[in-house]
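A.B. asks: Sequence:
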Amino acid sequence: MRLPRRVPWANVGELEQVCSWVYDDENDLDSKQLAIHRLSAWKSITSLPHALESTLAILTALQQDNGQQTPHGMALRHMYAAAIIRLVNGLVDPLQSGAYARSISSIAQQLGLPPWLVELRHAATHEDMPSLELLREAARESMSWLLHNYFLPTLNPSTAPPLQSSPLTPVDPILKQYKKIMKILTRDTSLATRHKADVTQALRDLERWLAEAKLAENVDAVAWGAGEPSSDALGDEVEDPRERRALDRLLDDLVAPGGLVPLAKRKRTLLSDSFQPPASGLNIWATLLKHVQALHPTFYDVAASRIVSQLSSPVEGYTPVGGSNAASSYYMGLARWAMWFVQNKSGESGDAAPDLRKEDVVVTLITNLGLSAEDNPGSRRAAQALLQALCEGDSRLEEARALFLRNIEIAPPSGSWQDGDINVMNERLNVLLRDEPSGSGESSPPSTQRQETSEQAGADRTVALPRGWGVVDNNWKPCPIGVFSTSLG
Numbered sequence: 001m002r003l004p005r006r007v008p009w010a011n012v013g014e015l016e017q018v019c020s021w022v023y024d025d026e027n028d029l030d031s032k033q034l035a036i037h038r039l040s041a042w043k044s045i046t047s048l049p050h051a052l053e054s055t056l057a058i059l060t061a062l063q064q065d066n067g068q069q070t071p072h073g074m075a076l077r078h079m080y081a082a083a084i085i086r087l088v089n090g091l092v093d094p095l096q097s098g099a100y101a102r103s104i105s106s107i108a109q110q111l112g113l114p115p116w117l118v119e120l121r122h123a124a125t126h127e128d129m130p131s132l133e134l135l136r137e138a139a140r141e142s143m144s145w146l147l148h149n150y151f152l153p154t155l156n157p158s159t160a161p162p163l164q165s166s167p168l169t170p171v172d173p174i175l176k177q178y179k180k181i182m183k184i185l186t187r188d189t190s191l192a193t194r195h196k197a198d199v200t201q202a203l204r205d206l207e208r209w210l211a212e213a214k215l216a217e218n219v220d221a222v223a224w225g226a227g228e229p230s231s232d233a234l235g236d237e238v239e240d241p242r243e244r245r246a247l248d249r250l251l252d253d254l255v256a257p258g259g260l261v262p263l264a265k266r267k268r269t270l271l272s273d274s275f276q277p278p279a280s281g282l283n284i285w286a287t288l289l290k291h292v293q294a295l296h297p298t299f300y301d302v303a304a305s306r307i308v309s310q311l312s313s314p315v316e317g318y319t320p321v322g323g324s325n326a327a328s329s330y331y332m333g334l335a336r337w338a339m340w341f342v343q344n345k346s347g348e349s350g351d352a353a354p355d356l357r358k359e360d361v362v363v364t365l366i367t368n369l370g371l372s373a374e375d376n377p378g379s380r381r382a383a384q385a386l387l388q389a390l391c392e393g394d395s396r397l398e399e400a401r402a403l404f405l406r407n408i409e410i411a412p413p414s415g416s417w418q419d420g421d422i423n424v425m426n427e428r429l430n431v432l433l434r435d436e437p438s439g440s441g442e443s444s445p446p447s448t449q450r451q452e453t454s455e456q457a458g459a460d461r462t463v464a465l466p467r468g469w470g471v472v473d474n475n476w477k478p479c480p481i482g483v484f485s486t487s488l489g
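The numbering of the sequence shown is full-length UniProt numbering, which starts it at 1 and goes up by one.
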């Protein structure tokens with residue numbers, strides 16, 4: 001559960017009043033002064049959201065520019081420039097969440113910030129100070145952007161349009177480039193030094209992509225800090241849903257055919273002595289997977305859960321060239337990668353990453369196998385093989401698996417009706433409709449023995465009530481569940 005955020009206003013009406021003071025009349029300097037006083041009072045009590053702090057800085061510069069005692073031109077230019085620099089930096093810096101820095105222009109584009117404000121910020125920081133007229137125009141543009149991207153969405157969250165972000169670039173080219181380099185190194189390990197920079201660049205590009213994917217989930221909430229992960233009552237950080245979704249997008253390509261599991265069936269040579277992915281796949285993907293896990297500690301959790309779900313809900317539209325055998329090898333390869341994720345997560349420092357437990361994966365597998373129909377034998381066999389590998393060596397898990405398999409043998413799942421099913425149902429219905437108890441050799445107590453009626457006398461077969469149950473009155477008549485008995489009047 002996300003904890004509430006502290007805001008400086010007592011109710012949203014106070015924020016709406018500040019907004020009206022700022023934007024109702026551009027020439028009303030007295031109202032703008034009231035807004036400055038209110039924002040300054042809030043700032044003395046608690047820290048302001050970045051949008052309000054930027055509004056205060058720009059408003060102060062505008063008031064100084066329109067006042068009777070206008071400061072010297074260079075001082076006024078510095079005041080404007082500082083306010084705009086703080087606005088841009090305060091929006092961009094919180095979004096530098098990856099291990100590698102991203103360009104300010106790309107983040108500003110995702111935020112919908114005018115690109116010329118970013119260029120002006122760069123010029124004011126590293127080049128000649130922009131002219132006063134240009135800075136005034138930048139201040140007006142910034143105030144307009146704050147109105148449409150902070151004040152209106154905050155005051156009317158249900159009616160304000162969401163902030164549009166740029167489309168997310170696909171991750172497939174990055175993965176293909178990385179895979180190409182690692183194949184070269186697998187064939188000739190002496191080239192490791194030569195291609196070390198290429199591998200580092202590919203991992204850096206992947207991390208930048210993950211940062212962009214995380215930002216693309218809810219760019220307007222991230223801009224004002226509302227989308228950051230909160231902490232629970234014990235101070236532990238709660239999982240960030242935006243990071244989970246970014247990892248899911250990466251796994252869309254990794255789990256698909258041609259990712260962790262090769263497309264060619266001949267490349268899916270699996271070891272018989274251990275439930276592990278093929279050595280060729282580990283040589284290619286282990287470096288990338290460990291790199292992502294080091295920067296995103298929930299990655300192995302998400303990957304194992306994703307594969308378990310994939311085994312219970314097979315890929316739609318996947319028609320391998322080799323037919324059902326190729327599909328079976330694909331799902332078996334996924335199952336072995338799930339085992340690798342579980343084992344490597346468990347092999348990390350114990351207390352640092354206790355989230356992914358073997359018991360949880362076993363419970364999920366048993367649940368999915370019990371609920372899913374046998375319409376895809378390949379994925380089901382792979383899930384059962386993964387279940388066996390996870391339970392091996394643990395007496396408690398092996399006992400749970402054995403109980404699950406016995407239940408399957410007693411009542412095998414079936415996805416279609418059989419010819420004799422309707423006869424079985426009719427027999428059960430007739431048993432429910434019969435009134436006479438069968439002679440089981442045990443006499444019922446007088447208080448609970450049912451009296452024969454005219455309808456009961458005509459029944460050719462009888463059925464006994466379960467032991468310990470009795471009839472409330474003589475007018476009760478058994479009927480199927482869901483059918484209203486009119487005899488109770």
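Just so you know, the hints here were simulated from the structure itself, not pulled from any lab data.
Misleading hints may appear alongside valid ones.
[What the hints assert, rightly or not] Using C-beta positions, here's what the derived DEER-type ranges look like:
no. : residue 1 : residue 2 : range
1   : 357       : 63        : 55 to 61 Å
2   : 116       : 256       : 39 to 45 Å
3   : 270       : 403       : 39 to 45 Å
4   : 13        : 367       : 48 to 54 Å
5   : 359       : 192       : 51 to 57 Å
Quick reminder that beta carbons are idealized off the backbone N, C-alpha and C, glycines included.
A.B. asks: Checking against the hints above, which ones are violated?
C.D. replies: 3, 5
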